[in-house]
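Asks: Chain by chain, the residues:
Number of protein chains: 2
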Amino acid sequence: MHDLFAHLREEEVDSQQVFGGKLLDVRRDRVRLPDGRECLREYVRHQGAAVVIGQLDDRRLLFVRQYRYPLRRSFLELPAGKIDPGEDVLTTARRELLEETGYSAGQWRHLGVMHPCVGYSNERIEIFHAAGLEHLAAQSLDSSEFIDVVAVPLDEALEAVRSGSITDAKTITGLFWAEKVLVSGW
Amino acid sequence: MHDLFAHLREEEVDSQQVFGGKLLDVRRDRVRLPDGRECLREYVRHQGAAVVIGQLDDRRLLFVRQYRYPLRRSFLELPAGKIDPGEDVLTTARRELLEETGYSAGQWRHLGVMHPCVGYSNERIEIFHAAGLEHLAAQSLDSSEFIDVVAVPLDEALEAVRSGSITDAKTITGLFWAEKVLVSGW
Numbered sequence: 001m002h003d004l005f006a007h008l009r010e011e012e013v014d015s016q017q018v019f020g021g022k023l024l025d026v027r028r029d030r031v032r033l034p035d036g037r038e039c040l041r042e043y044v045r046h047q048g049a050a051v052v053i054g055q056l057d058d059r060r061l062l063f064v065r066q067y068r069y070p071l072r073r074s075f076l077e078l079p080a081g082k083i084d085p086g087e088d089v090l091t092t093a094r095r096e097l098l099e100e101t102g103y104s105a106g107q108w109r110h111l112g113v114m115h116p117c118v119g120y121s122n123e124r125i126e127i128f129h130a131a132g133l134e135h136l137a138a139q140s141l142d143s144s145e146f147i148d149v150v151a152v153p154l155d156e157a158l159e160a161v162r163s164g165s166i167t168d169a170k171t172i173t174g175l176f177w178a179e180k181v182l183v184s185g186w
Numbered sequence: 001m002h003d004l005f006a007h008l009r010e011e012e013v014d015s016q017q018v019f020g021g022k023l024l025d026v027r028r029d030r031v032r033l034p035d036g037r038e039c040l041r042e043y044v045r046h047q048g049a050a051v052v053i054g055q056l057d058d059r060r061l062l063f064v065r066q067y068r069y070p071l072r073r074s075f076l077e078l079p080a081g082k083i084d085p086g087e088d089v090l091t092t093a094r095r096e097l098l099e100e101t102g103y104s105a106g107q108w109r110h111l112g113v114m115h116p117c118v119g120y121s122n123e124r125i126e127i128f129h130a131a132g133l134e135h136l137a138a139q140s141l142d143s144s145e146f147i148d149v150v151a152v153p154l155d156e157a158l159e160a161v162r163s164g165s166i167t168d169a170k171t172i173t174g175l176f177w178a179e180k181v182l183v184s185g186w
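Protein chains in written order, with the numbering used here: chain A, 1 to 186; chain B, 1 to 186.
The set of hints was computed from the structure by calculation and includes no laboratory data. A hint or two may mislead.
Given that identical chains are not distinguished, each listed pair holds provided it fits within a single copy or across any two copies.
Claimed, not checked - Below, simulated DMTMM-like cross-link-like pairs (lysine to aspartate or glutamate); rule was C-alpha separation at most 25 Å, straight line:
(1) LYS82 / GLU42
(2) LYS82 / ASP142
(3) LYS180 / ASP35
(4) LYS180 / GLU87
(5) LYS22 / GLU11
(6) LYS180 / GLU42
(7) LYS180 / ASP3
(8) LYS82 / GLU38
(9) LYS82 / GLU145
(10) LYS22 / ASP57
(11) LYS82 / ASP148
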């Protein structure tokens, strides 16, 4: 197929890991620009993630409140987490919903994908809607995770975006999809 | 004020730069968890950014198409860019709109803020709506930037989210705000 955007493309010349931590894999690649010159691109290599719009039978949505150290405060977010190596992404979504909230869901629907940080990360986040929720178990968190579970009606969550109480981009994006699916029938 | 979420808080013990590149400042901090144990947090320190919903007089919105090397493909995005040291964020928004698209705007409105990547970056993106657009100049790009400018009606852009042609989270978040402001009167 002819690539309409070939005039924008950058080609890898070489790739180097410049930091390999417990969480982050940071790369610095030499790339060839569309005009033939070379430059360096620095970015985080990420395994991808899933985010879940979990809808209770009373139509409230499940959120988690979690301290986000990079920003030195807690955030109200939709449940989400990283894909384990070799894991199917629906399995990730089910596992993260159960681990973070203790809920399991009878109906799952894949809505789409978002890219949170195209400038310096290759992370993708697959978006799922989950209904038919049942509280199965207590949370099952990593030893460094401390998470509150909160149920909020969609209209209150949208108002929290407007007022600035919800600012996490994957959560705003998820609420955008939730409103389209639940109200506009996407 | 009593902090309702103090039971989630993590305290910095020490902070170390583990990679300082041309673009990325990567930190590894030792933190004290709510239960008193310590762990390491790795994240990107970012200067913040602005994104612009630029609305032409015919109501189409301005987008840029740009190759995003971390994901090895181009993306359709709202114009955006990083805050220069000491720069007021409205100045960033004006500058980035002009540099990336050649447009200047008569009316500016700050809509809100989003955090694209709370798990491993402290980046915030301030969201602006710009109207009264006037084409002033050619693009003025960095030597490593190659950007196409595209004008798209809001309903087509929303359909592009639905179909998966727009997946950049700051752009979906911006379109969420655009629809609320332009259609729902937020």
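Asks: Each hint should be assessed against the structure and marked as holding or not.
Replies: Taking the hints in turn, this is what the structure says about them:
1. LYS82 / GLU42: both (21 Å within a copy, 15 Å between copies)
2. LYS82 / ASP142: Classified as within; 13 Å inside a copy, 34 Å across copies.
3. LYS180 / ASP35: Neither: 41 Å inside a copy, 40 Å across copies.
4. LYS180 / GLU87: Neither: 28 Å inside a chain and 37 Å across chains, both beyond 25 Å.
5. LYS22 / GLU11: between (29 Å within a copy, 19 Å between copies)
6. LYS180 / GLU42: neither (35 Å within a copy, 35 Å between copies)
7. LYS180 / ASP3: Neither: 31 Å inside a chain and 34 Å across chains, both beyond 25 Å.
8. LYS82 / GLU38: Answer is between: at 22 Å across copies they meet the 25 Å cutoff, but 33 Å inside does not.
9. LYS82 / GLU145: within (14 Å within a copy, 31 Å between copies)
10. LYS22 / ASP57: neither (39 Å within a copy, 50 Å between copies)
11. LYS82 / ASP148: within (19 Å within a copy, 33 Å between copies)
Of the numbered hints listed earlier, those contradicted by the structure are 3, 4, 6, 7 and 10.
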